[in-house]
Amino acid sequence: MAQQSPSQALQEKIVSLAKRRGFVFQSSEIYGGLNGCWDYGPLGVEMLRNLKEAWWRSMTERSDMEGIDASILMHPRVWEASGHIQNFSDPMVDCRECKSRYRVDHLFAEMNEKRLRNIAKAANIESALAKTMNMESKDVTKEQLAEIIVGTVEKNDALFQSLVEQELIPCPNCGRSKSLTAPKNFNLMFETHIGPVKDDSNAVYLRPETAQGIFVNVLNVMQSSRQRVPFGICQIGKSFRNEINTKNFLFRTREFEQMEMQFFCKPGTDDKFFDDWRETRWNWWLSLGMPESKLRFKPHEKLAHYAKAAGDIEFEFPFGFGEVEGIHNRTDFDLSRHQEFSGKNLQVHDEETKEKYTPFVVETAAGASRGFMAFLCNGYEEETVNGEMRVVMRLHPHLAPVKAAVLPLVNKDGMPEIAEKLERDLRKSMKTFYDDSGAVGRRYRRQDEIGTPFCVTIDSDTLTDQTVTIRERDSMQQIRLPLDGVRNYISERIQNPSLSA
RNA sequence: GCGGGAGUAACUCAGUUGGUAGAGUGCAACCUUGCCAAGGUUGAUGUCGCGGGUUCGAAUCCCGUCUCCCGCUCCA
2 MAQQSPSQAL QEKIVSLAKR RGFVFQSSEI YGGLNGCWDY GPLGVEMLRN LKEAWWRSMT
62 ERSDMEGIDA SILMHPRVWE ASGHIQNFSD PMVDCRECKS RYRVDHLFAE MNEKRLRNIA
122 KAANIESALA KTMNMESKDV TKEQLAEIIV GTVEKNDALF QSLVEQELIP CPNCGRSKSL
182 TAPKNFNLMF ETHIGPVKDD SNAVYLRPET AQGIFVNVLN VMQSSRQRVP FGICQIGKSF
242 RNEINTKNFL FRTREFEQME MQFFCKPGTD DKFFDDWRET RWNWWLSLGM PESKLRFKPH
302 EKLAHYAKAA GDIEFEFPFG FGEVEGIHNR TDFDLSRHQE FSGKNLQVHD EETKEKYTPF
362 VVETAAGASR GFMAFLCNGY EEETVNGEMR VVMRLHPHLA PVKAAVLPLV NKDGMPEIAE
422 KLERDLRKSM KTFYDDSGAV GRRYRRQDEI GTPFCVTIDS DTLTDQTVTI RERDSMQQIR
482 LPLDGVRNYI SERIQNPSLS A
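The first sequence begins at 2 in the working numbering and counts up by one.
Keep in mind the hints are simulated off the structure, nothing from the lab.
The structure presented is a predicted model; accordingly, all values stated were derived computationally and were not measured.
Among the hints, erroneous ones may be present.
So the derived label-pair ranges between C-beta atoms look like this [stated by the list, open to error]:
| no. | residue 1 | residue 2 | range |
| --- | --- | --- | --- |
| 1 | S72 | V386 | 48 to 58 Å |
| 2 | S72 | G415 | 46 to 56 Å |
| 3 | K345 | S72 | 31 to 41 Å |
| 4 | Q167 | E114 | 30 to 40 Å |
| 5 | S17 | I195 | 35 to 45 Å |
List of simulated lysine-lysine pairs, DSS-like, C-alpha gap at most 27 Å [as the list claims (entries may be wrong)]:
| no. | residue 1 | residue 2 |
| --- | --- | --- |
| 6 | K20 | K53 |
| 7 | K299 | K309 |
| 8 | K14 | K115 |
| 9 | K345 | K14 |
| 10 | K413 | K429 |
| 11 | K345 | K267 |
| 12 | K309 | K357 |
| 13 | K122 | K143 |
| 14 | K239 | K20 |
| 15 | K248 | K299 |
| 16 | K14 | K53 |
| 17 | K295 | K20 |
| 18 | K179 | K143 |
| 19 | K355 | K273 |
| 20 | K20 | K248 |
| 21 | K309 | K267 |
| 22 | K248 | K53 |
| 23 | K248 | K295 |
| 24 | K303 | K248 |
| 25 | K199 | K239 |
| 26 | K345 | K309 |
| 27 | K299 | K267 |
| 28 | K267 | K303 |
| 29 | K273 | K309 |
| 30 | K432 | K53 |
| 31 | K53 | K429 |
| 32 | K345 | K53 |
| 33 | K267 | K357 |
| 34 | K53 | K413 |
| 35 | K355 | K267 |
| 36 | K53 | K239 |
| 37 | K20 | K143 |
For glycine and all other residues, C-beta sits at the position ideal for the given N, C-alpha and C.
Model the full structure from these sequences, guided by the hints.
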């Protein structure tokens, strides 16, 4: 067995439990699996639905919010407008010697000016560049130079290779010349084709983010719902990114689900809404049982091309802190671009000042798959009870896939019949599980492992006085209740977990 | 994509110098059991990740490949 850290062991235990109990399976496992893809099993799908439901309700139960569900396939021009066509395909090169990999644009961005000028000269683009920028070649800045070179080189692999051969582009890591491979294009969007014939003219993309489905529908939503700025639109849905490397179970996958909200507001109010949403979203994670000690808010140092302010809510996974939700001030970038590319007016009218403006957008984009994994990691706990190890998944009752298990203490004297009837009754209002196999203690532990908050046990007293015990997952304590009060009791405790027994 | 580790039952893992696979847990059935898992009896389940090669014979040796984990890289 390879040496592994405790956190690595923890992650493997969670992955193992997830499979064994039906939370998450690897995709296409009987065929050897598909890299970076996972399936949700019977318990996983319940929990994921609960998570999305909790998000949806918290977001839409307010007067300034509407929901949509946009198509995954969108007009290809959407991705030109969003910048994904340009920014989401980064040519990369490898160093044959030291095995380092670089993005071509990074390669030139790091170079000093002298080298850049030599390259421009060698590539014979210096004068062309000065002409297009309408200035003398000596006045062109280092950054502009790098930008133009990148633009030229990225479209011309032969040119790049000839520059490498001329020893103008050494490897930044090992310094060797002539060691870089030809640029390889990594398109981070999945491409498919509309219609039965595959050619470039009918290419479409699986969306790499759900946001654009909201932006392109902003007029439709405003007109149909009579919302006025400020207001938000939210959506839950799958997105796809052709990641170079998948990693860490559900954390970095090629197909993932987002829970996303775009809030449209007047320029000048965006900073306030950014702060408000950051706080709202932070508190949402806490409301589902995330301890503040395992969360942090990390502001972005380098901002994306569209953002004015951005930061991530990060959870401390076994492998370290990782983003579970991003909060971005996207400014008017997206709507302006769609306005430009579609030719449609996406401005709104200010009643007070009689001015027109393009709304600013504050985005909250939470990962459903990542959140799911975060709650599993957070809930997993091993503790010692009477000298035995107990594995308990401390999931918030809203998230728990099964809310209540019904157990006959023993399989005789009519206990199973009463238990079955109770289970049928409870099933109408919550997800339940009936278990009559083995000793009751073992059945409790089985439920602990999948995070079931309550177990109801029918015993011999039930036969005479119509009462049952309810055993609570975290404390393992039991109370006695009348049989006909069970449903209300559990419903209330799920609704408001802070109520004590 | 590079480097390192791993892949044998649902899970965790044994399997010696090559001789067609075992344990524990789990699962199923029956018995037992009256509140915190591992009492009893019986039973089922294996493309040894996949493909090829060497060999009379491969879980074991060789090559390729897939998947997972770690590090680098990447993550508009």
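Here's how the hints hold up against the structure:
1. S72 with V386: 48 to 58 Å: holds, 51 Å
2. S72 with G415: 46 to 56 Å: holds, 55 Å
3. K345 with S72: 31 to 41 Å: About 18 Å separates the Cβ atoms of K345 and S72, which means 31 to 41 Å is violated.
4. Q167 with E114: 30 to 40 Å: violated, 18 Å
5. S17 with I195: 35 to 45 Å: The hinted range 35 to 45 Å holds for S17 and I195, with Cβ atoms some 41 Å apart.
6. K20 with K53: Given pair K20, K53 holds - Cα atoms ~21 Å apart, limit 27 Å.
7. K299 with K309: holds, 15 Å
8. K14 with K115: violated, 54 Å
9. K345 with K14: Violated. K345 to K14 sits at ~53 Å, over the 27 Å cutoff.
10. K413 with K429: holds, 26 Å
11. K345 with K267: Holds: K345 and K267 sit about 19 Å apart, inside 27 Å.
12. K309 with K357: Holds - the C-alpha atoms of K357 and K309 are around 21 Å apart, at most 27 Å.
13. K122 with K143: Cα-Cα ~14 Å, so holds.
14. K239 with K20: holds, 22 Å
15. K248 with K299: This hinted pair holds, its Cα atoms lying about 21 Å apart.
16. K14 with K53: With Cα atoms ~25 Å apart, K14 and K53 stay inside 27 Å; holds.
17. K295 with K20: holds, 25 Å
18. K179 with K143: holds, 24 Å
19. K355 with K273: holds, 23 Å
20. K20 with K248: holds, 17 Å
21. K309 with K267: Answer holds: K309 to K267 is near 14 Å, not above 27 Å.
22. K248 with K53: Given pair K248, K53 holds - Cα atoms ~23 Å apart, limit 27 Å.
23. K248 with K295: Answer holds: K248 to K295 is near 20 Å, not above 27 Å.
24. K303 with K248: holds, 23 Å
25. K199 with K239: holds, 24 Å
26. K345 with K309: It holds: about 24 Å lies between the C-alpha atoms, which stays within 27 Å.
27. K299 with K267: holds, 26 Å
28. K267 with K303: holds, 25 Å
29. K273 with K309: holds, 13 Å
30. K432 with K53: holds, 16 Å
31. K53 with K429: holds, 21 Å
32. K345 with K53: violated, 33 Å
33. K267 with K357: holds, 10 Å
34. K53 with K413: violated, 41 Å
35. K355 with K267: The given pair, whose Cα atoms are some 13 Å apart, holds under the 27 Å limit.
36. K53 with K239: OK: K53 and K239 at ~12 Å, within 27 Å.
37. K20 with K143: violated, 53 Å
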